[in-house]
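First to last, the protein sequences are chains A and B.
Here my numbering is used: position 3 in the first sequence is 3, and no number is missing along the way.
Here my numbering is used: position 213 in the second sequence is 213, and no number is missing along the way.
Simulated from the structure, these hints should not be mistaken for laboratory data.
Please read all numbers here as calculations on a predicted model, not as lab measurements.
Quick partial rundown of chain A residues pointing at chain B, CB under 8 Å, derived from the structure: (1) Arg58; (2) Asn60; (3) Asp78; (4) His121; (5) Leu345; (6) Val357.
Built from N, CA and C at the ideal position, the CB exists for glycine as well.
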Amino acid sequence: MTTQELPFPGLAGVPTNDDPQNRKEYTSDQEVRWCPGCGDYAVLAAVQGFLPELGLRRENIVFVSGIGCSSRFPYYLDTYGMHSIHGRAPAIATGIATAREDLAVWVVTGDGDALSIGGNHLIHAMRRNVNMTILLFNNRIYGLTKGQYSPTSEPGKITKSTPVGSVDHPFNPVSLALGAEASFVARTIDSDRKHLTAVLSAAAAHRGTALVEIYQNCPIFNDGAFDAVKENDTKADAIIPLEHGAPIRFGVQDENGVGSKGIARDDATGGVKVVAGDDPGVLIHDAHNPDPTIAFALSRLTDAGILHQAPIGIFRSVERPTYDDGARQQIATAKAGQDDPSAALASLIAGKDTWTVL
Amino acid sequence: MAKQVQQLDRVIIRFAGDSGDGMQLTGDRFTQESAAFGNDLATFPNFPAEIRAPQGTLPGVSSFQVHFADHDILTAGDAPDVLVAMNPAALKANLADMKPGTAIIVDSHDFSNRNLIKAGYDGNPLEATGHGSLAEDYNLSVLDLTGMTVEAVKEFGLSRKDAARAKNMFALGMLSWMYGRPTETTIDFLTSRFAKAPDIRDANITAFKAGWNFGETTEAFVVQYEIKPAKMNPGTYRNISGNLALAYGLVASGVQSGLPIFLGTYPITPATDILHELSKHKRFGITTFQAEDEIAGIGAALGASFAGSLGITTTSGPGIALKSETIGLAVMTELPLLIIDVQRGGPSTGLPTKTEQADLLQAMFGRNGESPVPIIAPQSPGDCFAAALEATRIAVTYRTPVMLLSDGYLANGSEPWAVPDVDDLVRIDPNFATATNKTVTAKDGTEAEEYWPYLRDEETLARPWAIPGTPGLEHRIGGLEKGDGHGNISYDPANHDFMVRIRQAKIDRIADSLPPLVVDDPSGAAKVLVLGWGSTYGPIGAAARRVRKAGMEVAQVHLRHLNPFPKDLGEILKRYDAVMIPEMNLGQLSLLIRAKFLVDVVGYNQVNGMPLKAAELAEAITDLINTTTGDVHAHEAGDSATKDRETVK
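My request is simple: use the sequences and hints to build the entire structure.
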């Protein structure tokens, strides 16, 4: 199987493995130590189940994480991995991905790690479009430090560090990613294994930085933060599904499967608004639109406060040159036809203006 | 008119002007001419942090000092023999360094009332006469260099401003005549530098030649000087600055180890030149990553090291502060990493373009936990090349971050450098792990082959380096404490104590690989040892020569390795009755030496952003010798030697 035939063009250059693989091979011998009921278990299971499908050589996969509950992730996968320091995983992964075309690089991070202490590295990785897949576990709380508000917590959040309510305004990770020129931005939910796997597949297939925000429940410090998109009686109205080429409709479906609500352009604001499902102006989702304006407008349908409504799916997936491919190309061009580094070194260090003492 | 030729053994010239006057270029060209001529030389560029400080003001003065000689020299010199001042501010800012009787050449063109006031002069010092005047105290030449330049280049039809800008080349031509410098290198340089602007090129070359011809014909100068080529060891030489030599040393590190170089960095004075230089050499497989900040620079470098490159980050003191947490991660993950700190004046933003050696303790201790990092320092501009290779040897062999401490004086200063033969350079084997290294027996008696990332080499205590892509060696590393051998997370108290000690022991083991120190004690009779590190090598060596010339004995030892110290250092220190440590800080090496060896060293400390002056240091050494060989206790001698130098400690 050649890389060209891979269903994952984003992983071109990474050697493949013809032998069938299974999740057990991707499971390390380390005991998983998240709290009972943590959403991280579901994501780990999905990733361990999904990685064998990639058909890559296991030794060519690298997981890099920062600090936080989710950042323990690499320890539980039997690939190469680095559990680094707070917020720096995208920077470290940039070095790995740029140094080695033959590695599939994944970053596992959380809302505190990626959006607070590591915000700078996250936006610059997306701006450069370094070939890596970033899984941003968003539980809207600091878990490992035992329950302080995070940069995605709703305003007014009462936590140990904000006893009378947080006065911080939160980030919308999808809006941030789109503003940072990300070429692939998606959102999924820890408990929806099928959707999670589909989004991860698309992210892996993307060449460049793929940012996947995963709504992830913290049962200890922020239980129920995503109930609206998970509970059967609310999710039809809460989840705005984004599927490329399909009308953006949600809400209770009629007998033909058409949702009661839809999303259309709002001429008054220049953004988008909720309309009736049969409104002729309902948008057809175009994730490949080179202009990110509508994707951004869609991202604004997400509640900044308590979550009642959020688009789920791939907001944007466009092709753009990647940093690491460009950097490697410059080196390959400079190296072409030069195969004696010692002679080149001797010539370099002598320079043009030498004199000889006999 | 035939002029008298006078032989000199050495000359120190300082070119000084406004930041925009091209004094650095002028000095650099004079240096190249002197190098081509075969003199030994040392240079000291000194410029403001602002790119274009307000014109004509004292803070805007930029200068370049070049010391060239017919014998080997160690420093750029304490005080110039000749000052070329292009405006009133340049004269005023540099006059204090000129001894009576030395030569001052002034471009009188800019001595207008307005410029005199800007520079803080009450009247025109060039017109003053009598006691205390420039004309009486110095060998003063007042020339309208700008006017003559404009006249010489008028055929090219440049604007008056552009024409006047060639005045630095006029001055260079004049000085080149005065000291018999060869002119070809400068003409070649101007030809290629301004290849795209023929009128500018021709104006500069014409101004340069006009300056030369003026020197030859004017009656203002009656003497031409000759400084014969220096007797140097056989070899091929070039002139090189510290930052260039360091960059070349990093290129060589890649070639000699076979590792791809990955430089992750963020621009910062005075280290940025290394990024500029390495970015030109992609053909050596060098990746240069200009990161979003200092932290990302070292983070990406460490990631590249994990992936099998030689990760390098370059910065100055403020950048080290930002990188500290990642250096700790490199200590914990035991990956090779070079951290280049081109030190500048601190704390905080400090003096970005001035030199200092005050990051030693930051390099040594500036991290949380017990976090030992090897430290090495080059001693001269050319030595930055060898120091870079040595840093790589240690980093790769011992799987550790290594701190290399250069400084602003080394970075921008230059000297003739014997170009090494590439075949003679050290070869560094990355020795990647390719196979499992541990047989594990399960409870049921079955055996399995595993890769243990923290199973150490018995000799070096280094751990194996298995890079991604190596089948069967998949493993996870990180900042949490590792269990000995298997490397899984461990919170076991005894394991932590063991791992802290073994990380220290690994760094200590490096001393086994170091050559004995070179003790420069010609007669073997010295009672006083001067111990130094880094860029003070030149001033200390020059001071020691002065002391010996005066008939006294002094020994000199210079440290390349600051952590760990060479094994014979303690024994050498105890051989002498007194030990002086000159440093451009308040006594950082002194603190380490006192703590490690219980030797009551005498500090000689200066933190003014400038290199040490050999004459002043020689006086201090002389004082210490007198008190040591006399009845005065060395400790009291130290108090006198450091009088007015050590501030509050």
